[in-house]
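So the protein sequences, as listed, match chains A and B. Once you know that position 70 of the first sequence is 70 in this note's numbering, the rest is easy, because the numbers rise by one and skip nothing. If you want this note's numbering, it's the position in the second sequence, counting the first as 1, plus 1000.
If you're looking for bench data, these hints aren't it; they were derived computationally from the structure. Please note that the accuracy of each hint is not assured.
[What the hints assert, rightly or not] Anything over 10 Å on all C-beta distances counts as not near chain B; from chain A, calculated:
no., residue
1, V2
2, Y11
3, Q52
4, I60
[As the list claims (entries may be wrong)] Derived pair list, reagent style DSS-like, types lysine-lysine, alpha-carbon separation capped at 27 Å:
no., chain 1, residue 1, chain 2, residue 2
5, B, K1094, B, K1295
6, A, K25, B, K1295
7, A, K55, B, K1086
8, B, K1036, B, K1010
9, A, K3, A, K14
10, B, K1005, B, K1036
11, B, K1130, B, K1102
12, A, K55, B, K1094
13, B, K1121, B, K1295
14, B, K1094, B, K1036
15, A, K55, B, K1005
16, B, K1027, B, K1010
17, B, K1010, A, K3
We treat Cβ as the ideally placed atom computed from N, Cα and C, and that holds for glycine.
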Amino acid sequence: MVKLILRAKEYEIKPGMTLLSALEKSNINPESVIATRDGEIIVDDEILQDGQVIKLVQVISGGSRSTQFQ
Amino acid sequence: MRQHKLALCKEHYLEWVPEQTERFIKKYNMFTYDEKILVAVSGGKDSLSLWDILVRLGYQADGLYIGLGIEEGIGYSSESHRLAEKFANEHALKLHVLDVEKEYGQPIPVLAQISHRGHGKPCAVCGLAKRHVMNRMARDLGYDVLATGHNLDDEAAVLFGNTLQWSGEYLLRQGPVLPGTPGLARKVKPLCRIYEREMTAYAILRGIDYIYEECPFAEGSTSIYYKELLNQLEIDRPGAKLTFYLSFLEARRNGLFANPTRETETGPLHLHPCPNCGQPTSTSDLCSFCRLMEKARSESAVP
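Assemble the whole structure, with the sequences as input and the hints as a guide.
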């Protein structure tokens, strides 16, 4: 299995699919994360192999309840 | 990068982001190499990356860190301050620090409680205080321009919110550059056309140590909700966020929201200096920040 880690959450998926497919299967928006393996960024079409651990870096930040002019 | 139909190796990516930033700085006439820039640094990926990029491009850029006093059991402000200092020290850069509690008597969460603004969340007071302090520091320290790390996703989310409410005044003022006026520093957003995902990749590839934890008050925020909605759109329509923002800038330039020759483009009409701090305000007496401070003093004996 391949393990995806996003903050405190972990997802397990079958190996052999692309990173993009793995994210979609896990209901993670690919636009909202950067995937890394051993500290290196990996791209959407990389095929994930059994035993790999993929750390997902959350992209979205800067929360505010005010939507008006910054 | 599907939106650009572009794939780059690490080396070329680390060149591409500064090149793009430089292109937008020039396109929108943000500043020149002769001007002194104050970069508002939060310890996050965008502001530290912006500082990194400006210095690499050869601009005179110093940093400003505002200590908000948001600890909430995770030492959020302490850690972001540490990372901002670390970056400055590693790159031998000048970082100005203003601690809100030391300067104004109370940290942001307490000021927010006193003010009764923001429905129990300090975001409104935090934004008000940051705008006031950034402008004050830029003015008092003699900087020509204040630069913030707002990226395309930030801008698109704000635009989305302002459009949902048809906030005409805010739509008029949103853009890569807010021109300076007497008492108000010029504000610029050099990263306004760079995706948040691209900035995250830049920070990681450049090895910038930034605060990854979100502000504890950001959970459930409107702006994050809007970003998530726009990201869903982006997945289905690559480039949608950029098109949304650029189309808005084009429409604004063409006078969709007001006659572009009117004075309103550079700010609200009838601004006058606050009798206490001197910063421009549209109210007839003290500015919002000074009114907040007055209230804080009266309710908690702040000096």
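Verification of the supplied hints:
{"no.": "1", "hint": "V2", "in the structure": "20 Å, holds"}
{"no.": "2", "hint": "Y11", "in the structure": "18 Å, holds"}
{"no.": "3", "hint": "Q52", "in the structure": "18 Å, holds"}
{"no.": "4", "hint": "I60", "in the structure": "5 Å, violated"}
{"no.": "5", "hint": "B:K1094 / B:K1295", "in the structure": "34 Å, violated"}
{"no.": "6", "hint": "A:K25 / B:K1295", "in the structure": "52 Å, violated"}
{"no.": "7", "hint": "A:K55 / B:K1086", "in the structure": "25 Å, holds"}
{"no.": "8", "hint": "B:K1036 / B:K1010", "in the structure": "30 Å, violated"}
{"no.": "9", "hint": "A:K3 / A:K14", "in the structure": "9 Å, holds"}
{"no.": "10", "hint": "B:K1005 / B:K1036", "in the structure": "35 Å, violated"}
{"no.": "11", "hint": "B:K1130 / B:K1102", "in the structure": "15 Å, holds"}
{"no.": "12", "hint": "A:K55 / B:K1094", "in the structure": "34 Å, violated"}
{"no.": "13", "hint": "B:K1121 / B:K1295", "in the structure": "18 Å, holds"}
{"no.": "14", "hint": "B:K1094 / B:K1036", "in the structure": "12 Å, holds"}
{"no.": "15", "hint": "A:K55 / B:K1005", "in the structure": "25 Å, holds"}
{"no.": "16", "hint": "B:K1027 / B:K1010", "in the structure": "26 Å, holds"}
{"no.": "17", "hint": "B:K1010 / A:K3", "in the structure": "25 Å, holds"}
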